[in-house]
Every structure is written in C-alpha cells, then in structure tokens.
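Novice: Here is what each chain is made of, one letter per residue.
Number of protein chains: 2
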Amino acid sequence: MRVIKTVSEMQVARHSLAEPVGFVPTMGYLHAGHISLVKQSEKDNAATVVSIFVNPTQFGPDEDFGEYPRDEQRDLAMLEKAGVDAVFLPPPSEMYPDGFSVLVEVEGITERLEGTARPGHFKGVATVCNKLFNIIEPAKAYFGQKDAQQILVIKKMVTDLNMNPEIVVMPTLRETDGLAMSSRNLYLNPDERKAATVLYRSLLKAKEMKQAGEHDTEAIRGALTGLIQAEPLAQIDYISIADSTTLKELGNVSSQALVSLAVRIGKTRLIDNLVLT
Amino acid sequence: MRVIKTVSEMQVARHSLAEPVGFVPTMGYLHAGHISLVKQSEKDNAATVVSIFVNPTQFGPDEDFGEYPRDEQRDLAMLEKAGVDAVFLPPPSEMYPDGFSVLVEVEGITERLEGTARPGHFKGVATVCNKLFNIIEPAKAYFGQKDAQQILVIKKMVTDLNMNPEIVVMPTLRETDGLAMSSRNLYLNPDERKAATVLYRSLLKAKEMKQAGEHDTEAIRGALTGLIQAEPLAQIDYISIADSTTLKELGNVSSQALVSLAVRIGKTRLIDNLVLT
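Protein sequence lines correspond, in order, to chains A and B. Using my numbering, you'd call the opening residue of the first sequence number 4 and step up by one each time. Using my numbering, you'd call the opening residue of the second sequence number 4 and step up by one each time.
Derived by calculation from the structure, the hints in this document are not laboratory data. Mixed in with the good hints there might be a few duds.
Note that the list lumps identical chains together, so a pair holds whenever it fits in one copy or between two copies.
[Said to hold, decoys possible] Calculated lysine to aspartate or glutamate pairs in the DMTMM-like style (CA-CA distance at most 25 Å, straight line): (1) K143 - E97; (2) K270 - E221; (3) K42 - E97; (4) K158 - E178; (5) K126 - E217; (6) K126 - E114; (7) K158 - E12; (8) K197 - E83; (9) K84 - E110; (10) K42 - E110.
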C-alpha cells in the first residue's frame with residue numbers, strides 16, 4: 004500500500020493504478036462504516052484509493068476542527084489490512100496553498116438542514132471533493148448514507164459540472180444498540196453514549212408511526228420531539244421530514260420521505276437519518 | 004468534422020479522438036484570432052475540439068446576450084476549412100438543464116476591472132469553462148490575450164481545483180489599424196469603427212511613455228485619459244495599470260505591468276490590453 008502526501012506524487016501514482024479506480028474520501032479516524040465503503044470499492048474496481056484529510060474549510064470557526072480525532076497509524080493499519088492500493092494523506096498546505104481562492108458552491112439544497120446549521124460547510128465539502136475527484140480521477144466514489152445531505156450536494160455538483168465519477172451510496176453502519184457509526188462518537192462519555200441511542204430510537208419511532216398509517220409530519224415530529232426531550236443529555240438542533248431529493252419539508256409523508264436529525268448530546272453534535280419507504 | 008449538439012454525444016465522441024486533445028472554447032462569430040488558436044492547437048495536439056456556445060450566465064441582465072452575433076453556418080465552414088476534428092455546439096438547455104444550481108467562483112482577482120464592471124461575469128466564465136473542460140477533457144486549452152483577466156481567472160481555477168488542462172495563451176490579433184479583433188466589432192458603424200482605434204493608440208502611448216522613462220502610473224493614466232477624451236464617440240469605463248498577475252493597481256510601472264482599457268464606443272463596450280515589458 005502506497006502512502007502519498009503530495010498532490011503531484013498522487014497524480015503520478017494515479018496513472019500507474021489499474022483501471023477502473025474506486026475512491027473513498029474520508030476524514031480519517033476510521034470505523035467499520037468506512038471499511039464497508041472500501042470493501043465495496045474493491046469489489047467494483049481494479050484499484051482503490053482512500054484519502055484521509057480533515058478538511059479545514061468545512062468546519063465553522065466554533066466547530067471541532069482542532070479536536071477532531073486523528074490516528075494516522077491506526078488508520079493506515081486498517082487500510083493496509085483491507086487491501087487498499089494507495090492512501091492520499093495530504094497536509095492542508097498541499098490542498099490549500101497560500102493564495103488559494105476558488106470555491107465550488109451548490110445552491111438550493113445547501114440552504115437547508117446542515118447548510119443552515121453549519122454555514123459554509125457545504126462549500127468546503129463541494130470544493131474539497133471537486134479537488135479530490137480531479138486529483139484521483141475515480142470511476143466511482145463511495146459515501147455513507149449517514150451524511151444524506153452531503154451525498155445530494157456531491158451528486159448535484161457532479162451532475163451540474165459534468166464530472167466523471169459515479170457516486171455510490173452505502174448504508175449507514177450501526178453499533179449493536181443502533182447508534183450510527185461516527186468518528187465523533189469518540190467524544191461521548193459513558194452516560195452520553197447511552198443517551199445517544201435516542202437518535203436511532205427516534206428514527207425507528209418515525210418509521211413505526213408511518214407503518215401504522217400516520218402521514219401527518221407534524222404528528223411524527225411531535226412524537227420525536229417528545230422522545231428526544233425526555234432524554235436529559237439531548238438537545239434538538241433540528242428534526243426534519245423532507246423530500247429525499249429536494250430536502251423540502253413535507254406536510255404529509257410521501258413514499259420517499261427522509262427523516263433527518265441533528266441532536267446535541269452534551270457538547271457533541273450528532274446526525275442520523277432514515278428514508279421512510 | 005463532427006458537429007455535436009449534446010453533452011452525452013460529445014462525451015462518447017471524445018473517447019474516439021486521438022490523444023492528446025486540444026480545445027478552443029469560443030462564443031462563435033469567429034474571426035482570425037479564434038483561427039490562430041485553432042491552428043496552434045492543431046500544431047500541439049493530435050485532435051482539436053472547438054466549442055461554440057454563447058454562454059448566457061456570463062452576460063449581465065443589461066448586456067448584449069440577445070444581440071450577440073451568431074452565424075453558425077459561417078463558423079462551421081471556417082472550422083471545417085481549418086481542419087478541426089469536432090465542434091461542440093450545445094443549446095443552452097444542454098449546458099444548463101432545469102434546476103441547474105452549481106457555481107464555480109474565483110475570488111480575489113475577479114473583484115477588479117471586468118469583475119467590477121460586469122458583476123457575475125466571471126462566475127459564468129469559470130463555471131462554463133469548468134463544465135467544458137470536464138466534458139472535453141483536453142490536454143491543453145487555448146485562449147487569446149485580449150481577455151487578459153479571463154485568462155488569469157481560468158488559470159487560477161485550474162490550479163486551485165487541480166484540473167488537468169494546460170492553459171495556452173496566444174497573442175491578440177489586430178486589424179491593420181491596430182483594433183483588436185473581436186466579434187463585437189460588428190456592432191460598430193463606420194464612424195465608431197474609426198473611433199475604436201483610440202484603444203490601441205492609447206496602449207501604444209502607454210508603451211511609448213514607459214520606454215521614454217515615465218514610471219508614474221498617474222502620469223500615464225492622465226495621458227491616456229486625455230487621448231480617449233479627445234475622441235467624441237468614446238467614453239472611458241476604466242483605465243487600469245496593474246500588476247499582470249494580481250491585477251492590483253500600481254503606483255509605479257513595474258517590469259510586468261498590464262495596461263487594460265474598457266471603453267464604450269457609442270453603445271459598444273470594447274476592451275484591450277498590453278503588457279508593458
């Protein structure tokens with residue numbers, strides 16, 4: 004497995020890889036969710052590249068860029084074991100040299116949910132993915148469903164800018180108690196870790212209500228609000244029941260409604276989502 | 004010569020072209036300046052693609068998008084004669100389908116000169132070139148020096164987004180009396196056509212003053228202002244003497260100062276520039 008730290012070395016190495024190339028962009032501190040993306044890429048492609056880059060431009064000034072968990076050696080061992088061909092691990096100065104001044108902006112769907120809660124977040128995400136796709140030139144790129152809005156943003160960027168990669172979405176992996184796997188789960192103390200299951204319990208509640216015939220999103224949102232408020236360590240950022248393509252809030256639950264939650268558990272902000280089929 | 008009107012056909016046709024591919028993006032109504040870019044591309048590459056697309060997003064609401072000159076048959080005859088391999092001639096709905104919502108923005112250098120005079124212009128330019136580069140995948144793309152700021156914007160986008168094409172800049176071609184070739188020269192009536200030579204005469208005046216030892220940009224700007232104001236049909240939009248990389252206005256003429264002019268001749272807005280070596 005090659006470990007590459009500069010853009011120019013990555014561009015050279017890229018052209019010695021077997022085609023097609025699959026790509027898994029990550030911010031490191033890998034968990035089984037990331038590895039499931041790697042495994043799918045290895046099934047679909049002749050070579051797989053993983054990037055590890057904690058992208059500063061997608062964090063707000065009051066967010067957790069500085070304390071975001073990092074463990075390069077552990078990540079590299081996991082990726083070596085998973086059979087990855089190359090890891091791209093650039094320092095920020097390689098991705099954003101002095102004088103960097105270009106932004107890729109997806110309008111519309113970024114003005115909701117995470118885009119409202121985290122201003123500028125999706126400009127950072129779109130710009131870094133645009134750069135990574137240009138450097139790695141993958142046939143397919145793999146993302147986890149946990150970041151549902153991120154997937155819509157990246158798909159829209161790829162479509163509207165006529166970029167090459169096919170975006171492949173893989174299911175959210177969960178701990179045995181349902182908590183969605185996330186590098187940020189590390190922040191949770193034991194009490195918070197227990198409280199954090201309220202996100203998935205709420206999503207299941209929404210699913211159950213829909214299956215029992217409840218189609219009024221206000222009724223569902225009300226039930227979820229009650230459930231989360233009953234958890235003393237939890238604080239609701241948003242509960243959204245929206246069209247899974249446009250992210251427009253729904254009055255009635257349609258066949259492809261996306262329930263998205265952002266909830267603070269202590270100081271840690273967690274997100275999760277479920278499509279109500 | 005293949006004439007292609009859809010993105011998907013262009014993507015298929017692209018992969019049957021000999022490598023490397025050179026690309027000349029144009030808005031049509033071709034003149035000898037465009038053909039000089041085509042000829043250079045043919046020298047440098049195994050195949051040459053030309054696009055003809057009057058890009059609506061780079062025109063302001065009060066600008067000349069509607070009346071911008073178009074003559075598809077004449078353009079195609081010129082390109083056929085020049086030996087071009089493929090012409091990409093998409094309708095606006097191919098480039099901007101309903102719901103299109105992605106922008107590429109170059110900050111900094113777009114906040115001056117044409118960027119100030121034409122708000123939104125360079126977002127349109129950067130976005131359409133980004134799309135065209137992704138569709139055509141050229142090794143090199145060719146631009147004329149007449150649009151000096153456009154070249155800086157596109158080079159910055161390519162560098163910062165790690166795009167592939169090398170940007171090749173070719174000299175401005177001029178009519179025998181010095182007027183820079185431009186599709187917009189068509190708008191000029193005979194009196195305006197004579198008056199329009201004041202742009203190049205002004206650039207030569209700046210060069211002459213520099214060569215005579217004048218380094219004070221205010222003195223040079225003053226002389227150019229006088230020259231243009233003496234022409235009754237001309238109205239100055241801007242006279243800039245700036246660093247040719249950053250476009251920051253200079254107090255003293257340096258070794259690579261760019262003199263840029265935007266002047267209205269009657270209702271027609273013309274630009275021209277010269278690097279004072």
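Novice: For each hint, tell me whether it holds in the structure or not.
Specialist: Hint check results:
1. Taking identical chains as interchangeable, the C-alpha atoms of K143 and E97 lie at most 25 Å apart whether they share a chain (23 Å) or sit on different chains (24 Å).
2. In this assembly of identical chains, K270 and E221 lie within 25 Å of each other by CA distance neither inside one copy nor across copies; the values are 28 Å within and 57 Å between.
3. Taking CA atoms no more than 25 Å apart as the test, K42 paired with E97 passes in neither setting, with 28 Å inside one copy and 36 Å between copies.
4. When the C-alpha separation of K158 and E178 is checked against a cutoff of 25 Å, the pair qualifies neither within a copy, at 27 Å, nor between copies, at 47 Å.
5. Within a single copy, K126 and E217 get their C-alpha atoms no closer than 36 Å, and across copies no closer than 46 Å, so neither meets the 25 Å cut-off.
6. With identical chains, the CA atoms of K126 and E114 are at most 25 Å apart both within one copy (11 Å) and between copies (19 Å).
7. When the C-alpha separation of K158 and E12 is checked against a cutoff of 25 Å, the pair qualifies only between copies, where the shortest distance is 21 Å, while the shortest distance within a copy is 27 Å.
8. In this assembly of identical chains, the alpha carbons of K197 and E83 never lie at most 25 Å apart, being 32 Å within a copy and 71 Å across copies at closest.
9. Taking identical chains as interchangeable, the C-alpha atoms of K84 and E110 are never at most 25 Å apart, the minima being 39 Å within one chain and 42 Å between chains.
10. For the identical chains of this complex, K42 and E110 are neighbours neither inside a copy (32 Å) nor across copies (39 Å), given an alpha-carbon limit of 25 Å.
Consistency with the previously given hints fails for numbers 2, 3, 4, 5, 8, 9, 10, ordered from lowest to highest.
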